[in-house]
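Visitor: Each chain, letter by letter, is given below.
Protein chains: 2
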Amino acid sequence: MALINENYLKLQGSYLFAEIAKRVASFKNENPNANIIRLGIGDVTKPLAPAIIEELHNAVDEMASAETFRGYGPEQGYKFLIQKIIDMDYNPLGVSLEDDEVFISDGSKSDVGNFQEIFQTANTVAITDPVYPVYLDTNVMAGRTGYYKADGHFDNVVYMECNAENQFKPDLPKEKVDLIYLCVPNNPTGTALTRTDLKKWVDYAKENQAIILYDAAYEAYIQEEDIPHSIYEIEGAKDVAVEFRSFSKSAGFTGTRCAFTVVPKSVMAFTQDGKTYPLNALWNRRQTTKFNGVPYIIQRGAAAVYSPEGQKQIRDIIAYYMANAKIITEGLQSIGLQVFGGVNAPYIWLKTPNGMDSWSFFDKLLSETHIVGTPGAGFGPSGEGYFRLTAFGNRESTEEAIVRIKTKLII
Amino acid sequence: MALINENYLKLQGSYLFAEIAKRVASFKNENPNANIIRLGIGDVTKPLAPAIIEELHNAVDEMASAETFRGYGPEQGYKFLIQKIIDMDYNPLGVSLEDDEVFISDGSKSDVGNFQEIFQTANTVAITDPVYPVYLDTNVMAGRTGYYKADGHFDNVVYMECNAENQFKPDLPKEKVDLIYLCVPNNPTGTALTRTDLKKWVDYAKENQAIILYDAAYEAYIQEEDIPHSIYEIEGAKDVAVEFRSFSKSAGFTGTRCAFTVVPKSVMAFTQDGKTYPLNALWNRRQTTKFNGVPYIIQRGAAAVYSPEGQKQIRDIIAYYMANAKIITEGLQSIGLQVFGGVNAPYIWLKTPNGMDSWSFFDKLLSETHIVGTPGAGFGPSGEGYFRLTAFGNRESTEEAIVRIKTKLII
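Taken in order, these protein sequences are the chains called A and B. Under our numbering, the final residue of the first sequence carries the number 411; numbering is consecutive throughout. Under our numbering, the final residue of the second sequence carries the number 1411; numbering is consecutive throughout.
Just chain A, same shape as in the assembly:
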C-alpha cells in the first residue's frame, strides 16, 4: 500500500495570502469604486533592464542554429555565469571562491527548500520568528519537526524571537542547534545584521559544529557600510556557512528565475560517527541527480547583469525601489508611527499603533485608506502587532498611498 509522507499533514494551510485575498475581495465587493493600492506584495514591478533583454534575444538566436544550439548544460550552471558572480559579487569583498563552489539554480526558494535534504532528519533547526515560511515548512515536510502547537509554533524547532526590544536581532539560542536559518537583510522585517552581529553567529556555529544557512536574497538593497554583503566577509564563515543569492530582487528575475548558492568546499558537517564530510560534495550530488540546470537563455540573461550597462541599469532600478522605501518610511514616521527596516531592504516593518493586532490594522488600513499590506502575524507569532509594507510599487501609487495614510488613517 502506497503510504503518504504524513509530515505533510502537520503543515498549516498557507493561510496568509489566501486570507488577505478574501478580505480584499470582500472589501471590493462592498466598495466597488475604491482605488486599492497594493503595498503587500514581495514581487517586483519594473521590467527587465535593457542589457538583460538584449542578451536574452542573443541567446534565443543562438538556440535557432545547429552551430550555436545548446542542449544539456552542466547541472551546476555555466562557467561563464559562475565566473562573473565570483569576479563581481565576491572578489571585490575580499572573498575568493572556486568555480565549483557556486551552483546556479532556478531560485533561492528551491535551493533554500532543497538544501535541508542533505542533512539528517534528527538535526535541530533554529529559525527566527517572524520568518520566511519556506525555511520552516520544508523542515516540517522532511520530518525534522514535531507537531504544530496552540502557541503557533512547531515542536522540536528553536524559534528566535525578533522584535523591537532586540532590534530584530535574534539572540543566540540557549539550546544547542544544528542548522540555523538567517535572512539578511531580512524578509519580513527589513532589518539587517552588522558584521559584529554576524561574527557572533559564525563563532556560535563553529563552537557548536552547526551550519548557517544564510539567505542573502536582498543583498543588493544594502546601503549601510557596516552591513556585510556576504557572510563570507566574516572570518571563519567559509567553514560553517552556505549562502543563498538570487537575481529575483537584484535584477527583477522573479518571473525569469535564476539564483545561486555558494557552498565552499571547507564547509563541513558530520557523520554519525563524528567524521567530517564536505557539504559541497553532497549538494553537488543532490543537484546532479535531481536537477538539470537553468535554461541556457536565462543564464545568458543573468550574465548580462554583470556588464557595465547591466550593472548601471539594475542599480538604477534598486535606487528607484529604495526611494519608494524612503517615502514610505518618512511618511509613516511623520504621523508618529514606529517604523523599522526600509534602509537596507525594500521592506518596511511598522509597529501597529495603540497595540492593535496585525489583522485589525490590516482591516483598518484597508477600510480607511484602501491600501493592502501584510499582517506581521502571518510570518509567525512574534510578528503579531507588526505590519509589512513593500517598496516594489510604482512611485505614483507609493506617493498616493502615503498621502492617504497621512490624511485618512485615524490613529
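Just so you know, not all the hints are guaranteed correct.
List time: in silico DSS-like cross-link candidates among lysine-lysine, alpha-carbon distance up to 30 Å [as the list claims (entries may be wrong)]:
no.: 1; chain 1: A; residue 1: 312; chain 2: A; residue 2: 326
no.: 2; chain 1: B; residue 1: 1149; chain 2: A; residue 2: 28
no.: 3; chain 1: A; residue 1: 79; chain 2: B; residue 2: 1022
no.: 4; chain 1: B; residue 1: 1046; chain 2: B; residue 2: 1364
no.: 5; chain 1: B; residue 1: 1265; chain 2: B; residue 2: 1199
no.: 6; chain 1: B; residue 1: 1275; chain 2: A; residue 2: 10
no.: 7; chain 1: B; residue 1: 1010; chain 2: A; residue 2: 275
no.: 8; chain 1: A; residue 1: 206; chain 2: B; residue 2: 1079
no.: 9; chain 1: A; residue 1: 238; chain 2: B; residue 2: 1010
no.: 10; chain 1: A; residue 1: 265; chain 2: B; residue 2: 1022
no.: 11; chain 1: A; residue 1: 22; chain 2: B; residue 2: 1079
no.: 12; chain 1: B; residue 1: 1149; chain 2: B; residue 2: 1010
no.: 13; chain 1: B; residue 1: 1046; chain 2: A; residue 2: 79
no.: 14; chain 1: B; residue 1: 1206; chain 2: B; residue 2: 1265
no.: 15; chain 1: B; residue 1: 1406; chain 2: B; residue 2: 1364
no.: 16; chain 1: A; residue 1: 84; chain 2: A; residue 2: 312
no.: 17; chain 1: A; residue 1: 265; chain 2: A; residue 2: 275
no.: 18; chain 1: A; residue 1: 149; chain 2: B; residue 2: 1275
no.: 19; chain 1: A; residue 1: 46; chain 2: B; residue 2: 1265
no.: 20; chain 1: B; residue 1: 1079; chain 2: A; residue 2: 265
no.: 21; chain 1: B; residue 1: 1265; chain 2: A; residue 2: 22
no.: 22; chain 1: A; residue 1: 79; chain 2: B; residue 2: 1028
no.: 23; chain 1: A; residue 1: 275; chain 2: B; residue 2: 1149
no.: 24; chain 1: A; residue 1: 408; chain 2: A; residue 2: 326
no.: 25; chain 1: A; residue 1: 28; chain 2: A; residue 2: 364
no.: 26; chain 1: B; residue 1: 1312; chain 2: B; residue 2: 1084
no.: 27; chain 1: A; residue 1: 238; chain 2: A; residue 2: 84
no.: 28; chain 1: A; residue 1: 10; chain 2: B; residue 2: 1238
no.: 29; chain 1: B; residue 1: 1206; chain 2: B; residue 2: 1176
no.: 30; chain 1: B; residue 1: 1010; chain 2: A; residue 2: 176
no.: 31; chain 1: B; residue 1: 1312; chain 2: B; residue 2: 1046
no.: 32; chain 1: A; residue 1: 10; chain 2: B; residue 2: 1206
no.: 33; chain 1: B; residue 1: 1028; chain 2: B; residue 2: 1364
no.: 34; chain 1: B; residue 1: 1169; chain 2: B; residue 2: 1206
no.: 35; chain 1: B; residue 1: 1206; chain 2: B; residue 2: 1174
no.: 36; chain 1: A; residue 1: 10; chain 2: B; residue 2: 1176
no.: 37; chain 1: A; residue 1: 10; chain 2: B; residue 2: 1265
With the C-beta cut set under 10 Å, the calculated list includes, among others, these residues of chain A facing chain B [to be verified]:
no.: 38; residue: 3
no.: 39; residue: 27
no.: 40; residue: 42
The set of hints was computed from the structure by calculation and includes no laboratory data. Using N, Cα and C, we set each Cβ at its ideal position, and we do this for glycine too.
Let chain A serve as the given structure and place chain B on it in line with the hints.
Guide: Then chain B, alone, in the frame of chain A:
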C-alpha cells in the same frame, strides 16, 4: 552537531559517463587523428524550431516593458500552457484532465526525482533493470533502500529484469510493492509496452494499492498503433498513475528546460491508518513550497510547440531522428547483430556479439570503428551484454557510423 544525510553515502559514484570519458580520452591520446563519432549521448542536436524561437523573442520583448512584464507566476505553471497540453496532448487520446491536474516544471528529471518525497520512507520501490538511474538514486538518498550489494543491486528494492528473453517487458513483481517506476518508451532499451501490457500494471496497482510513476519522456517518438501515448488511455490508470512528460526530447528543450507532470485528483495514496489521501494535494503543496515556477519566457516557448507551425516543425525533427534510428537498426541487423528498440524510441539497444560483455564491446567499437556508445551494464546488472546507441546525431555522421560498423567491425 550538524549531521549529514548518510543515505547519500550509500550511492554509487556516477561511474558510467566518467568512465566513458576516461576511455575516450585515453583512445584519443593514442590516436590523435581519429575522427570519433559519438552515438552514446542522450542529448538532442537539432536547433529549436522556428515557431518556438519566434515566441521566445516575443516573450523576451514583453519582459522589457512595465505593461507586459511578468513577475512571479503560478508555481504550477501558466494556464495558457496547461490548457494547450490538455487540449492537444490528452483530449485527442480521449483523456480529459482539469487544469489543476497538470504541473509545469523545469524538467522530468526534477519531477521524477522529487516526486518520491511525498511518500513515506517505508514504501517498497520497484524499478526495472536496466533503468534510468534517477529513479533509483533519489530513493537511495531518501532512505527508501538498504545498502548496495555485491550483485550490483541495492537491498530493499525490487528489481524487475528486462532482457531479450522477456522482450524487455518487466514481469509483475512477486513481492508486494508500493511505488512502481515505468519508463515507456524505455530509456535505455528503446522498447515499449502495449496497451495490453500496461493494463496488467494498472490492474496490479489497483489490487495492491500501489502507485505507478509513469515516465513518458519519449512519448513523441511512438510510431506503432498499439503503444499508448499516455497511461491514462488505460482504464483505471487515473486512479493509480502519475505521468511525467517533457519538452526535452519532443521539442529539443534539453537546454531550454520545460516539462510537466500529470497528477489526476483521483489518484489516492494512504495514511498509516488506512485513509485515502489525494497525491494531487500533496504534490501541489510540495511544488508551491519548494518551487517558484518555470520562467515565463520558457513557458511561452513551450506553448508555441502547440501552434500549427510548431507541431509541424517538431514532427519533422522527430522524423529526422527516427530516420537515423532506422539507419542504425537496419545497418546493425545487416551484419547479423540482434537489435531492439529504435521503433518507438530514439534508442537502439543491441545484444553484444559472441556473448561479449558491455565494456569489452565498448572498447572494441571504439578501437575498430572510432564510435562511442554506452555500455548497457552502466544501466544496471541486467544491461550486461547489451549496448546503447542513440539516434540524436546528425544524418551524415550516423550514416558514416554505419558504414564503419559494416566495414570495420570484426565480428
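Visitor: Does each hint fit the structure? Answer for all of them.
Guide: Right, here's what the structure says about each hint:
no.	hint	result
1	A:312 with A:326	holds (21 Å)
2	B:1149 with A:28	violated (64 Å)
3	A:79 with B:1022	holds (22 Å)
4	B:1046 with B:1364	holds (29 Å)
5	B:1265 with B:1199	holds (20 Å)
6	B:1275 with A:10	holds (16 Å)
7	B:1010 with A:275	holds (16 Å)
8	A:206 with B:1079	violated (48 Å)
9	A:238 with B:1010	holds (27 Å)
10	A:265 with B:1022	holds (25 Å)
11	A:22 with B:1079	holds (22 Å)
12	B:1149 with B:1010	holds (10 Å)
13	B:1046 with A:79	holds (23 Å)
14	B:1206 with B:1265	holds (16 Å)
15	B:1406 with B:1364	holds (14 Å)
16	A:84 with A:312	holds (16 Å)
17	A:265 with A:275	holds (15 Å)
18	A:149 with B:1275	holds (24 Å)
19	A:46 with B:1265	violated (37 Å)
20	B:1079 with A:265	violated (42 Å)
21	B:1265 with A:22	holds (25 Å)
22	A:79 with B:1028	holds (25 Å)
23	A:275 with B:1149	holds (24 Å)
24	A:408 with A:326	holds (20 Å)
25	A:28 with A:364	holds (14 Å)
26	B:1312 with B:1084	holds (16 Å)
27	A:238 with A:84	holds (20 Å)
28	A:10 with B:1238	holds (27 Å)
29	B:1206 with B:1176	holds (12 Å)
30	B:1010 with A:176	holds (29 Å)
31	B:1312 with B:1046	holds (15 Å)
32	A:10 with B:1206	holds (28 Å)
33	B:1028 with B:1364	holds (14 Å)
34	B:1169 with B:1206	holds (19 Å)
35	B:1206 with B:1174	holds (15 Å)
36	A:10 with B:1176	holds (29 Å)
37	A:10 with B:1265	holds (21 Å)
38	3	holds (4 Å)
39	27	violated (23 Å)
40	42	holds (8 Å)
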